[in-house]
Amino acid sequence: MRLSERIIEKMLVICAAIALLGIAVIAVFITKEGWPIISKIGIKAFFLGKDWTPTKGVYGIFPMIIGSIYVTIGALAIGVPIGISCAIYLAEIASPKVSAIIKPGIELLAGIPSVIYGLYGMTVIVPIIRDLFGNQGFSVLAGSIVLGIMILPTIINISKDSIEAVPKEYKEGSLALGSSHWQAIIKVILPSARSGIISSIILGMARAVGETMAVIMITGNSTMIPESILSPVRTLTGNIGIEMGYASGEHQKALFATGIVLFIFIMCLNLLAKLIPKKAGA
Amino acid sequence: MRKLNDIKIITSSRIKERVAFFLLWIFSIFTAIILVLIVSDIIIKGAPHISLDFLLEEPRKMGKEGGVFSVIVSTIYIVVLSIIFAAPIGVAASVYLAEYAKESTMLNIIRFGTEALAGIPSIIYGLFGYSFFVFFLDLKYSILSGALTLTLMILPTIIKTSEEAIKAVPKSYREGSLALGATKLQTIRKIIIPDAIPGILTGLILGIGRVVGESAAVLYTAGSSLGIPDSIFRPGRTLSVHLYTLASEGISIENTYATAVILIALVFIINFSANTLINRIFIARRR
Numbered sequence: 039m040r041l042s043e044r045i046i047e048k049m050l051v052i053c054a055a056i057a058l059l060g061i062a063v064i065a066v067f068i069t070k071e072g073w074p075i076i077s078k079i080g081i082k083a084f085f086l087g088k089d090w091t092p093t094k095g096v097y098g099i100f101p102m103i104i105g106s107i108y109v110t111i112g113a114l115a116i117g118v119p120i121g122i123s124c125a126i127y128l129a130e131i132a133s134p135k136v137s138a139i140i141k142p143g144i145e146l147l148a149g150i151p152s153v154i155y156g157l158y159g160m161t162v163i164v165p166i167i168r169d170l171f172g173n174q175g176f177s178v179l180a181g182s183i184v185l186g187i188m189i190l191p192t193i194i195n196i197s198k199d200s201i202e203a204v205p206k207e208y209k210e211g212s213l214a215l216g217s218s219h220w221q222a223i224i225k226v227i228l229p230s231a232r233s234g235i236i237s238s239i240i241l242g243m244a245r246a247v248g249e250t251m252a253v254i255m256i257t258g259n260s261t262m263i264p265e266s267i268l269s270p271v272r273t274l275t276g277n278i279g280i281e282m283g284y285a286s287g288e289h290q291k292a293l294f295a296t297g298i299v300l301f302i303f304i305m306c307l308n309l310l311a312k313l314i315p316k317k318a319g320a
Numbered sequence: 036m037r038k039l040n041d042i043k044i045i046t047s048s049r050i051k052e053r054v055a056f057f058l059l060w061i062f063s064i065f066t067a068i069i070l071v072l073i074v075s076d077i078i079i080k081g082a083p084h085i086s087l088d089f090l091l092e093e094p095r096k097m098g099k100e101g102g103v104f105s106v107i108v109s110t111i112y113i114v115v116l117s118i119i120f121a122a123p124i125g126v127a128a129s130v131y132l133a134e135y136a137k138e139s140t141m142l143n144i145i146r147f148g149t150e151a152l153a154g155i156p157s158i159i160y161g162l163f164g165y166s167f168f169v170f171f172l173d174l175k176y177s178i179l180s181g182a183l184t185l186t187l188m189i190l191p192t193i194i195k196t197s198e199e200a201i202k203a204v205p206k207s208y209r210e211g212s213l214a215l216g217a218t219k220l221q222t223i224r225k226i227i228i229p230d231a232i233p234g235i236l237t238g239l240i241l242g243i244g245r246v247v248g249e250s251a252a253v254l255y256t257a258g259s260s261l262g263i264p265d266s267i268f269r270p271g272r273t274l275s276v277h278l279y280t281l282a283s284e285g286i287s288i289e290n291t292y293a294t295a296v297i298l299i300a301l302v303f304i305i306n307f308s309a310n311t312l313i314n315r316i317f318i319a320r321r322r
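Residue numbers (the working numbering), protein chains in the order written: chain A, 39 to 320; chain B, 36 to 322.
You can trust all of the hints, since none of them are fake.
Listed below are the simulated DSBU-like cross-link pairs for lysine-lysine, each with C-alpha atoms no more than 35 Å apart in a straight line: (1) B:Lys206 with A:Lys206; (2) A:Lys135 with B:Lys43; (3) A:Lys291 with B:Lys99; (4) B:Lys175 with A:Lys78; (5) B:Lys202 with A:Lys209; (6) A:Lys70 with A:Lys82; (7) B:Lys219 with A:Lys312; (8) A:Lys48 with B:Lys219; (9) A:Lys312 with B:Lys137; (10) A:Lys135 with A:Lys209; (11) B:Lys202 with A:Lys206; (12) A:Lys206 with B:Lys137; (13) A:Lys70 with B:Lys195; (14) A:Lys225 with B:Lys43; (15) A:Lys70 with B:Lys175; (16) A:Lys141 with A:Lys206; (17) B:Lys202 with A:Lys312; (18) A:Lys225 with A:Lys312; (19) B:Lys195 with B:Lys175; (20) B:Lys195 with A:Lys209; (21) A:Lys48 with B:Lys202; (22) A:Lys291 with B:Lys96; (23) A:Lys225 with B:Lys51; (24) A:Lys206 with B:Lys43; (25) A:Lys206 with A:Lys312; (26) A:Lys225 with A:Lys141; (27) A:Lys48 with B:Lys225; (28) B:Lys206 with A:Lys312; (29) A:Lys206 with B:Lys51; (30) A:Lys48 with B:Lys206.
If you are wondering where the hints come from, they were derived from the structure by calculation, not from laboratory data.
Okay, chain A solo, but in the shape it has when bound:
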């Protein structure tokens, strides 16, 4: 091999490693900034502390952890049934004409920036909730609805791919035994596509947990633990997003510490999605 080719090959390796380097540097810097405050106030006080009052130097992120969990569960409750139904419909039933309309729609839904979702949630969904329930509208419910919509493309695309990857013979065998198409879907196709559908839900979950701007605009951001789905709520991402603008000193470090929690959470979800066996029928 010529020398110049060798040099270029080495450069290609370096480029390929930049993404890896990036994730390492991100982990190091978030930890470097955030860890000192966690170790100072204690892991227990930081994770389980119910009070977040930066002006008094009290940093407990328990309400935000609960907030993220509530909003994410709500988003899944809305996004999973709709998303999986849509995936089944597109993969198994839809005529090419109908898919030709819905598929680009889903791509656009995925491409719409989160601030647009936030704006729509703020000006349309929040007022509807306010009129219906007489609360202030900014709530767990509003966050769940908007996040439920935002995770649809993730769930639909991955589930659809895994349903389409189920070998044709499975379905044909089931139909040949006299089952209806619907019975074949429920009893044969969906169980075979299970692993892909579960990954789609986990990745949708990761998207809901990580979403920031849309959530800030519609959840009300109160640091209290929400009492019901109509109460305002603040998520981990919201906590960082709102206060980064003016925080300094120890307060700012506490936001990086919130970032550590978020980072670990997301990495766990992504690992989980990766660990699920990919093969149909597995």
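Given the structure of chain A, go ahead and fit chain B onto it with the hints provided.
Chain B alone, transformed into the frame defined by chain A:
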């Protein structure tokens, strides 16, 4: 008697199927309707406020009056700069992954890094960019800090799309080129990359789409200053950040929606071009 029972079972399963398919249809149509609702709401409220003046005037009074000219300029700066950084790195990485890398632990780690990078929420990128580019490298709030942060963010998209495009180049092309005496690098440069160009471009366009739509990662790296940045070392405000600021601070509902319309139009154009390219690849492959 048994026969009648069988018929009953069959009819009931037919009815069940009808109901189930109808529900699935409703949910699918619902997904399309959501999109129409969101987009039409924003266009109806925003389109009347769009004018050439709005596009070409500087924002006044924090965006309450005037247009979005400087915001558009900052957005273009950040998009162009991010692509300048991310395109060569991303394409080079994908060439390595598709053409050189052999299955090994190192390769698996690199792949894991790329996938993990794709999953990180934008606010974490914001935190990282703030502590690393803005302070550690002392680039301050600037177009450059923002673009570098976004480069990392869009790298996985570009790598993945380009890698698939390169892998889809037929094996016979490589063999033909190598058989004629070309070196591996010559084959990549003269045969593989040109053939994979539409796929690579699709990756870049999707990357642009993410940059345009991003707010959390830009706000804390490029800042939210409203002036036209006179160099990449100056702060600037992108369309998404502008929209967020206008909406969350309730500065001007007209300008909020007008900005939203511009943003949606950009996203549509970006999606449309990516789709056109993808379709072209399909047609070319079928030939």
